[in-house]
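Q: This is what each chain is made of:
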Amino acid sequence: MSATPGLRGATPPQSGAPARAPIRRGAPVFLGGAKGRLLPASIPLRFFGAAAAFHLLAWLALAVGADQWPRFGGGLGWPLAALHLITLGVLGMSAIGAGAQLLPVATRRPAPGHRLLSAIWWLYTPGVAVLAVGMGLPSPPLLAAGAAAVTLALVTWGALMARNLVGARGMPGVVVHGWAAMFALLVLLGSALSLAGTWLGLAAPGRDATLAVHVLFAPYGFMGLLSLGISYILVPMFALADTPAERSQLTSIGLAVAALVLAALPALGFVPAGAAQVAFRIAALSCGAGAVGLHLRLMVQALRSGMRRELGRSFTLVRIGWAGLAASLVLALALVLQIPVPGLASWFGLSLIGVWLLSFLLGMLQRILPFLAALHGGSGRRAPTPSALTFDPALRFHFACHLAALGLLALAIAADSAWITLAATAVGAAGALAFGTFYTVLLLRMRAPSA
Amino acid sequence: MQPWQEQDGWHIDVRGLAPPQPLVAILRLVHTVGDAATVIVHHDRDPQLLYPELAQIGWQAERVAAEDGEVRLRLTRAP
Chain A
1 MSATPGLRGA TPPQSGAPAR APIRRGAPVF LGGAKGRLLP ASIPLRFFGA
51 AAAFHLLAWL ALAVGADQWP RFGGGLGWPL AALHLITLGV LGMSAIGAGA
101 QLLPVATRRP APGHRLLSAI WWLYTPGVAV LAVGMGLPSP PLLAAGAAAV
151 TLALVTWGAL MARNLVGARG MPGVVVHGWA AMFALLVLLG SALSLAGTWL
201 GLAAPGRDAT LAVHVLFAPY GFMGLLSLGI SYILVPMFAL ADTPAERSQL
251 TSIGLAVAAL VLAALPALGF VPAGAAQVAF RIAALSCGAG AVGLHLRLMV
301 QALRSGMRRE LGRSFTLVRI GWAGLAASLV LALALVLQIP VPGLASWFGL
351 SLIGVWLLSF LLGMLQRILP FLAALHGGSG RRAPTPSALT FDPALRFHFA
401 CHLAALGLLA LAIAADSAWI TLAATAVGAA GALAFGTFYT VLLLRMRAPS
451 A
Chain B
452 MQPWQEQDGW HIDVRGLAPP QPLVAILRLV HTVGDAATVI VHHDRDPQLL
502 YPELAQIGWQ AERVAAEDGE VRLRLTRAP
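Order-wise, the sequence lines are chains A and B.
At position 270 of the first sequence (counting the first as 1) the number is 270 in our numbering, and the numbers step up by one without a gap.
One gets our numbering by counting positions in the second sequence from 1 and adding 451 to each.
Accuracy of the hints is not assured; some may be wrong.
Derived Cβ-Cβ restraints for the label pairs, each shown as a range [as the list claims (entries may be wrong)]: (1) A/Gly167 - B/Ala488: 33 to 41 Å; (2) A/Leu186 - B/Gly460: 46 to 54 Å; (3) B/Ala488 - A/Glu310: 19 to 27 Å; (4) B/Gly460 - A/Ala400: 39 to 47 Å.
If you are wondering where the hints come from, they were derived from the structure by calculation, not from laboratory data.
Quick caveat: nothing in here was measured; it's all calculated off a predicted structure.
Don't be surprised by glycine CBs; every beta carbon is placed ideally from N, CA and C.
Please take these sequences and the hints and turn them into a complete structure.
A: Written out as structure tokens, the structure reads:
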């Protein structure tokens, strides 16, 4: 607290339940040198733009593989390509852009060099495209070339993030989530290279174990932990709420890491087959449920206590994503117990990737993008507001299409129907086009001369 | 952090707080002091995330002179 003298005895404003100021569009603001500590706008925005493009390509790839999707159980083909266009193309691409811009803000460290980030984009973007085409055709040499490029790009980005985390000040919960996500990234990249090697016919021991570790550490490890950690910054920021208790954050990440370790041990063959493996997996799911339950409780508290209660469709998507995360654990339990439900693996994948990670990310991007653009937009004393940059009709259309597409995919699994899958991909692609329109309009408005 | 009042307006010192707490504290104060008030923010860094939020509610910020190591902002209702 400052020792500035003054009328400290004056009545301070109420801080418990503040009044809400009316939102006014197009109001001016002087940025006061804010741009000096930001990455150039073109750096994070190119990652988000590529994510929007890969979102559309993922739906198109799934359309090509519609007949295989309802009972997809792995293997090369267009469903696998669609899956990786989502995980690497949409989720990974956004993680790189968001991590590069937001993590330095949280850690109070300088932003990474923009030339290196630009090089990562030029390596990663074609790498994801080549990898997906290699999976879809299938062409193992293309797959391996894409995997090599993606791995090099992610390792470089991971090193940048690790350097940033080393000097972090404060926010221990977010920092521990960051370190755990970086470790998970190493595991998933190692497993990915090993899997790519097997498609090339190279001798790689324990393919089933490697695949199990990859499926565990990609969604729940790298993307999952990164999502949970970054939520401790973004949710209080958008809801204008106090930061969730650090001790609870650390308990949640501790349980999440324990869950990953307990699930990895049987996958790697460290636990004898049979009842012991089932026991380990149930223990892992129990820890995972504890981690998720605690995290969601903290998020709900932040949303309920925040000054901004109306967070719109973006946070409806975020809430749907959280429901998908919880549902994925229930479906994982059904898989562990080998409950005979047709298409159970597809239900699990849809809940984990489509409902949780994709819905969560698209909801967050709807808030992050206008916010980021407003920081960079305009010139002189006048800058655009986030709401003035947002083309809401496109987001409204995307919201309806996204939910309809997920519902149709669930129906396609239940009915084992390629035609319903095709309908889902058509609706999903329309939603992706709408999201792309939102992004394009945002760029145009950001670059438009301000009054 | 407790805001206090001086002749030039309400003051708030958010130095040392982890993000997004400075943002939340400043906006909480802005939302409660009324449109005619001036808010002086004592910060240890340029609060990049604050500016879009201020613009959204029709406020503006300008840097004012401060001692070394401090970023001081004067927040007012935009004309």
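Q: Let me make sure I understand: some of the numbered hints might not hold for this structure. Which ones are they, in numerical order?
A: none
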